[in-house]
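**Student:** Here is how the chains run, residue by residue.
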Amino acid sequence: MLVLGLSFDYHDASVCLVKDGELLSALALERLTLQKHDFDYPDLVINELLRTNGFTTKDIDFVTFHEDPFAKFNRVVTSALSHFPKTKREFQEVSRVWPGRKFWTLNRICRELIKRPDQIVYFSHHYSHALYSFLSSGFSDAIILVVDAVGDWGTCGFYRGSFSTTGEAHVKAIEEISFPHSLGLVYSAVTEYLGFNPNDSECSTMALSAFGQPVYKDFFSRIVKLTEKGFEVDTSFFHFQDFYSGGVSKRFEDEMGPSRKKGEGPYPFHSFKATQLVPELNQDDQRLADIAASFQEFFEEAMLHLTKIARAHLGSNIEEACLCLGGGVALNCLSNTKILKSKLFSRVHVPIDPGDGGSAVGPALYLSSKKGHALRGANEGYLGCAFQDNTQFDAESFNYSDLKKYTVSDESPRSIIVEEGLQNGDLVSRVAGLIEKGSVVGWFQGRSEFGPRALGNRSLLVRADDLSAVARMSQKIKKRASYRPYALSILQEDAIKFFDMPKVLDVGGDRVPWDNFKRMQFVAYANDIDTSVIAGGLHVDQSSRIQVVFEEDNSLYYQLLVKYKEISGVGAFVNTSFNESGFPLVERPIDAMAFFLRSSMDVLVLNSNVYIKEW
Amino acid sequence: MGFIGKLRRRILRKRLPQVLKNFNAVEDDGVWHLKQAFHYSDSKKAKNVLLQHILEERHHADVLKRLYDLESRQRFTPAHFNRARLYSDFSDWKTMAYIHQGEIDAVKKFSKIVQASDHAQLKSELGKIIEDEEGHCHSTDGLIADFGVGKRDLEKELSRIRRIRFKQNWLTMGNKIGLFVFDLFATLLYFLLGSLFFGYAKRRMAQPKPANDQMQSLEGPV
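Going down the list, the sequences are from chains G and V. With the working numbering applied, the first sequence corresponds to residues 258 to 872, in that order. With the working numbering applied, the second sequence corresponds to residues 36 to 257, in that order.
In case anyone wonders, no lab produced these hints; they're calculated from the structure. A quick note: this is a predicted structure, and the numbers were derived from the prediction, not measured. Just so it is clear, CB atoms sit at the ideal spot from N, CA and C, and this is done for glycine as well. Treat the hints with caution; some may be incorrect.
What the hints assert, rightly or not - Cβ-to-Cβ under 10 Å is the rule here; a few derived chain V residues that face chain G:
hint, residue
1, Lys79
2, Lys82
3, Phe217
4, Phe220
5, Phe226
6, Lys237
Sequences are here, hints too, so could you generate the full structure?
**Tutor:** Structure (structure tokens):
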């Protein structure tokens with residue numbers, strides 16, 4: 258049985274293929290269209306995944322969809338009318354897109370894929386998140402907490418997941434909090450208030466929070482009340498329903514001051530503590546950093562509060578309490594870590610893409626389970642496409658001097674040396690040596706990662722103690738704000754050495770939940786030792802969103818780290834996503850090559866071929 | 036400058052940020068098609084040319100974004116494009132013909148903006164882009180000739196592309212007028228429904244809603 262899982266039409270459209278219970282592939286549309294958070298009908302991805310796996314549309318038995326369009330339509334219309342007469346524009350928008358298109362999404366799927374209506378199965382949005390979160394966890398019994406901006410009606414939901422003795426999955430809803438009470442929307446509104454793009458740059462809010470003090474936490478406690486069932490938002494401080502009026506309301510700005518406007522420049526903070534750079538602050542920079550810090554701290558408390566409610570739902574006679582987190586809010590690694598450290602649960606799982614991209618996967622897996630198939634590969638991370646290096650252009654006759662006009666860094670190499678066909682041992686030796694010499698290396702291998710994190714197949718790598726190289730990566734390659742920290746890929750023994758690894762309560766005592774540190778979903782704080790060798794991967798508060806690399810997860814990447822440690826003495830380097838600012842992770846070789854040529858990247862490794870710029 | 040010229044200038048000044056945003060998206064769309072051509076092409080020579088184009092077009096998109104940032108008070112969020120394969124079976128020369136026509140159109144549109152604008156930096160930056168695009172027209176022309184395509188076949192394909200573009204432009208304009216009329220209708224409907232159902236909607240918003248854990252199809256629960 259072949260199931261095609263779809264999510265599209267709001268943001269982060271994605272597709273997955275599940276064959277007889279095995280998750281074969283998953284890919285977000287943005288990777289092929291190069292438009293971040295692309296939401297269109299993902300026919301490009303459908304065709305690509307079917308072709309790569311040797312199927313056609315005729316082979317598809319079922320198609321699952323991540324949302325209930327009818328419930329969502331109900332919500333958007335009710336929301337617009339309930340805020341009459343302030344929501345004229347919103348109602349116009351609803352009228353434009355729903356009757357003509359979104360209401361008929363499921364019919365469209367039937368038409369495009371030539372399927373019968375009974376072959377299209379849809380789930381509510383939060384349920385889709387819950388399914389992926391649970392089914393990818395490996396837990397036999399768990400409570401699931403889903404928190405995001407809004408799905409159909411739900412903004413926060415509690416579910417219980419389990420497997421029967423026959424191996425069939427059961428996921429039941431317990432309770433849900435509905436729109437407009439939404440923690441996710443509050444986070445997005447605060448993100449916009451701070452001058453960042455909502456639904457995209459919430460990570461910037463998190464990064465900025467390290468530079469402030471939580472002096473305004475009481476304000477957020479007042480406007481988002483934590484209750485017995487969850488929380489309630491005082492929506493007079495926001496424009497959740499009349500969203501064309503902005504994120505926060507005038508009432509919010511009257512109390513907290515004006516929002517960050519375009520033209521006020523980037524925040525002057527620097528994430529490397531070791532650079533000793535003293536930012537030139539104005540009063541407003543610090544005020545806004547304090548607001549970020551206040552909100553982040555409140556948000557973590559709110560998530561912990563929800564976790565306690567989840568724990569109560571699980572009951573007390575559970576030997577091993579397991580929690581699955583889902584929804585876009587589960588990308589907040591600071592709050593995830595707080596939950597982990599609370600020891601309310603002995604095991605916590607976050608799927609590799611807890612956001613809307615991942616919501617395509619859970620329904621497909623669940624349907625497969627219900628149809629009697631044992632699930633396999635549900636927690637796989639490298640689910641995208643693999644490519645041959647087809648970028649061989651005529652490097653000798655290429656006009657390098659012209660590159661200066663077209664690169665982001667006003668530099669151009671004299672030439673590019675191409676070393677082809679390096680096999681594993683030679684490849685890792687060569688690349689480890691280049692990293693050790695201070696090169697910024699674009700590393701492109703195998704199948705791409707599913708979700709927003711680069712985990713060693715689509716990564717930019719640089720040595721973590723060379724702060725000038727890290728700064729060059731920020732300014733001339735990634736075009737990234739200085740207050741945003743980088744993350745580390747690190748070997749287990751070095752993680753133990755440099756970091757105070759969080760522990761959870763287990764039957765035999767405390768243990769480090771290594772599974773939680775494989776995918777940059779949790780943070781660790783550096784020990785009180787000399788960490789200058791990893792300074793480039795630490796935030797100003799000495800935290801790092803580490804990826805502990807094990808051989809069984811990514812053998813080649815692991816070997817690279819081991820080799821690098823042999824040469825440099827440190828089993829860690831900075832790993833950041835291989836993408837240009839404003840664009841998704843590179844998916845195909847040409848995306849990587851174009852970025853390589855446009856930027857100050859020194860080396861590009863495409864499978865077994867190494868391209869080295871001669872400056 | 037005549038009345039029409041002054042009017043054009045005034046309209047352009049008002050719409051300039053949106054125009055720049057749209058052109059940024061057009062350039063990025065061009066990059067996408069060039070990358071598709073690169074990805075599927077087998078010719079090393081074509082790849083060299085395509086790579087140069089990709090870098091230049093991407094640079095143009097950056098320039099347009101920079102100009103937008105100067106002209107607009109809003110933060111830049113890219114305009115969305117529906118990415119669609121041009122041809123179900125990839126064809127080297129037909130894709131290049133599409134790109135070639137795109138370069139010709141770009142030169143015309145940017146030239147009109149340069150004529151209508153009195154903004155020195157805009158004129159200068161767009162002037163450089165026009166020079167590049169004219170260069171692209173020559174190189175795509177050369178590349179198509181290298182594929183061994185006859186002039187007649189090429190003209191036929193370019194003509195087909197021009198007809199599609201013309202139709203798309205008309206549809207876009209018609210769509211704008213249609214949307215305007217539709218919005219008027221939607222506004223009337225909003226005031227009618229709002230005044231009748233405002234209370235009910237407010238009560239509905241406040242009601243708790245049960246979580247949905249059903250598998251459903253268009254034919255009912257699964």
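**Student:** Next, verify each hint and record whether it holds.
**Tutor:** Hints, verified against the model:
1. Lys79: With Cβ-Cβ at 5 Å, under 10 Å, it holds.
2. Lys82: With Cβ-Cβ at 4 Å, under 10 Å, it holds.
3. Phe217: holds (7 Å)
4. Phe220: holds (8 Å)
5. Phe226: holds (7 Å)
6. Lys237: Lysine 237 (chain V) check passes; min Cβ-Cβ to chain G is 5 Å, inside 10 Å.
When held up to the earlier numbered hints, the structure conflicts with none and fits them all.
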